[in-house]
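Protein chains: 2
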Amino acid sequence: MTTGASPRLAAAATAVAPGGSVGRVRTRTETFDTPAAPFRLECGARLNPVTVAYETYGRLAPGRRNAVLVCHALSGDAHAAGFHRGVPGERPGWWDLMIGPGKPLDTRRYFVICSNFLGGCAGTTGPASIDPATGRPYGPDFPAYTIGDQVELQARLLDRLGIPRLLAVIGGSMGGMQALEWAVRHPARVAGAVALATAPRLSPQAIAFHEVARQAIFRDPGWRGGRYEAADPPRAGLALARMIGHITYLSEEAMVRKFARRGGGTAGTGGFEVERYLHHQGRRFVDRFDANTFVHITRAMDRFDLAAGRGSLEAAFRRAACRFLVVSFSSDWLFPAALSEEMVRAMRLAGREVSYCEIRTHQGHDAFLLPGHRMGDLVAGFLDRLDREAT
Amino acid sequence: MTTGASPRLAAAATAVAPGGSVGRVRTRTETFDTPAAPFRLECGARLNPVTVAYETYGRLAPGRRNAVLVCHALSGDAHAAGFHRGVPGERPGWWDLMIGPGKPLDTRRYFVICSNFLGGCAGTTGPASIDPATGRPYGPDFPAYTIGDQVELQARLLDRLGIPRLLAVIGGSMGGMQALEWAVRHPARVAGAVALATAPRLSPQAIAFHEVARQAIFRDPGWRGGRYEAADPPRAGLALARMIGHITYLSEEAMVRKFARRGGGTAGTGGFEVERYLHHQGRRFVDRFDANTFVHITRAMDRFDLAAGRGSLEAAFRRAACRFLVVSFSSDWLFPAALSEEMVRAMRLAGREVSYCEIRTHQGHDAFLLPGHRMGDLVAGFLDRLDREAT
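Protein chains in written order, with full-length UniProt numbering: chain A, 1 to 391; chain B, 1 to 391.
So here's chain A without its partners, still in its complex pose (with noise of 0.2 Å):
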């Protein structure tokens, strides 16, 4: 276990606090080579060997619960925080903002480790890995997992960094959604679970947004059934596929805010600032993303549904041993603020102990990744109340 930040950066990290960074860190894999325990998923397929790429800030406690697990969205990785060339102008982590000395995941107190998903393409086993059994990428052919089985993996990675149980889980999307699955499947190892800009099932709006992004993939010729080259991808198809999803991660009012009309005159072939935007949120993602990745992580979130097969959401919940805060956004039309209601009151019922807060933004479903709301400040305070009660 390590910091991930070499001790002079983490030293000059720990100076700057509050909202210091944590330096310098790499991405670490693990992997798990157990020809005769092979990782099982839900839809009864085997996985073997399964690699696990992961990052860690701070520094686990002696006692080992001080251990916070964040759970990335869709286009995420493992690179959650701080630097990992550490030169000029280089962007930080994808949750800086709230990971590192006196940030919200106070490196100073907390132990943080982000991991990329089963089926990711940022360094864990995904549709992009090489199928031992064929020499080529398993492709379309990549298993069917669940929300379910990223859990899974995960546990298997806290089992090998010996952390038998989380301070927390946290998340955002559909990293929220692993959230809620990690305090419903494993109660006993989960002390907080925080759920943001998430939901426990999909509403068919968000299926239908899936889809057609998923068929821009499928049209594009360079799909191939996706058994595409890794540097020929259907590049045009997955380009399309971020734009159609970009547009629900952000409001109406956001796009008003940040574009109006500008760019666009009264004749011409359209040039609107907006579309200039999406455009460029395309050809970004085409760079670091894998189309069968997006497909088959796409499929998982539209199958997830906690209520499934535990009889209901309140059932569901009754497994839970953990406290719980659900963060929504007035503003998130994509998993809309009455879904994490339905969850909150699914919760009570059940008797679980929960802080919900709808915080009103015009930033929509994005918000969770972007400061100027009091999100920080409440993730601050359930983290550190779990703590003084583990202490």
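Simulated from the structure, these hints should not be mistaken for laboratory data.
Be aware that one or more of the hints could be misleading.
If chains are identical, the list can't say which one is meant, so a pair holds when it fits in one copy or spans any two.
[As the list claims (entries may be wrong)] The calculated DMTMM-like cross-link candidates involving lysine to aspartate or glutamate, where the alpha carbons are at most 25 Å apart (straight line), are:
| no. | residue 1 | residue 2 |
| --- | --- | --- |
| 1 | K258 | D131 |
| 2 | K258 | E90 |
| 3 | K258 | D305 |
| 4 | K258 | E273 |
| 5 | K258 | E341 |
| 6 | K258 | E342 |
Following the hints, put chain B in place on chain A, whose structure we already have.
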């Protein structure tokens, strides 16, 4: 001027009132072929000849004061009411619930006209029409027309039909944009304007959805820069464009009511009912719509801004002289009620008389095409008042 219905059927329809059918109708065309005075567009381009497809229902009264122009939406056509073939199971025109004897647009009182818009692909000159200069379809070279140009072609049609002034112009969505433009552009020719589920300009979010839909077409290899053969269009891209659009025409609640999460298992590759519904809508669309037409019309909608070149929205409405009825729908997130409210405030500041109603419904943007709410009564009452004032 004819009713469009045969005397026998018209008589039969009258007997069915209230709420009867206009009976059997057919789409007619008028062609303007005056090489010396071609149809001029705002962008400076000229078109000759120009054909307009239209239908009429009811009878023009001797004083010619009972004409109501219906403006259709993006995917509509001139066939607004009644039946073309009169065979069992045939679907009536797209606004049959509103037009007919005893219906809100009561064909016993009003002479109703509906024409396919300039740039359309259902009989009126548009990108799929033959450019006489080349002998081939205009395709991507069709001029970048405006909502104002569409109004001018409708005005030519009314001239040809001998209608100096409309009792009312009425439309939903893009048709509502035309109705607003009519009121501001030709104040002497309009006694009343009805704007349903529309806006004086699109939001950046709506523009964003249009752009991803266009990109679905552009990224289909069958697009060929818009120079596809009519028999070999970019079907996959156009279908996907429609699937994207269709999500925006419904509301989240409408989708929950209509589909919930039915059809999806906890494993497998999806197959949710909402996905099948979208695929069905996509397939249907390609049989009746043209890709170049879609690209052009969505761009015309994107560029539409009633205030542009007129100082402000208020200044624009100072040019108008008619009464207005504005109706928005609470769950319409493509043309949100807030934009209607902004428009109504501008109308009032400009001294216009306006009735405004936000109808509470889960039906989303498509509500103006559907029964089950008060819109019909509001329109009927508005027309009745205009009619009594006129006679």
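The hints, checked one at a time:
{"no.": "1", "hint": "K258 with D131", "in the structure": "neither (44 Å within a copy, 41 Å between copies)"}
{"no.": "2", "hint": "K258 with E90", "in the structure": "within (24 Å within a copy, 47 Å between copies)"}
{"no.": "3", "hint": "K258 with D305", "in the structure": "between (34 Å within a copy, 19 Å between copies)"}
{"no.": "4", "hint": "K258 with E273", "in the structure": "within (9 Å within a copy, 35 Å between copies)"}
{"no.": "5", "hint": "K258 with E341", "in the structure": "between (29 Å within a copy, 22 Å between copies)"}
{"no.": "6", "hint": "K258 with E342", "in the structure": "between (31 Å within a copy, 20 Å between copies)"}
Checked against the numbered hints above, the structure violates only hint 1.
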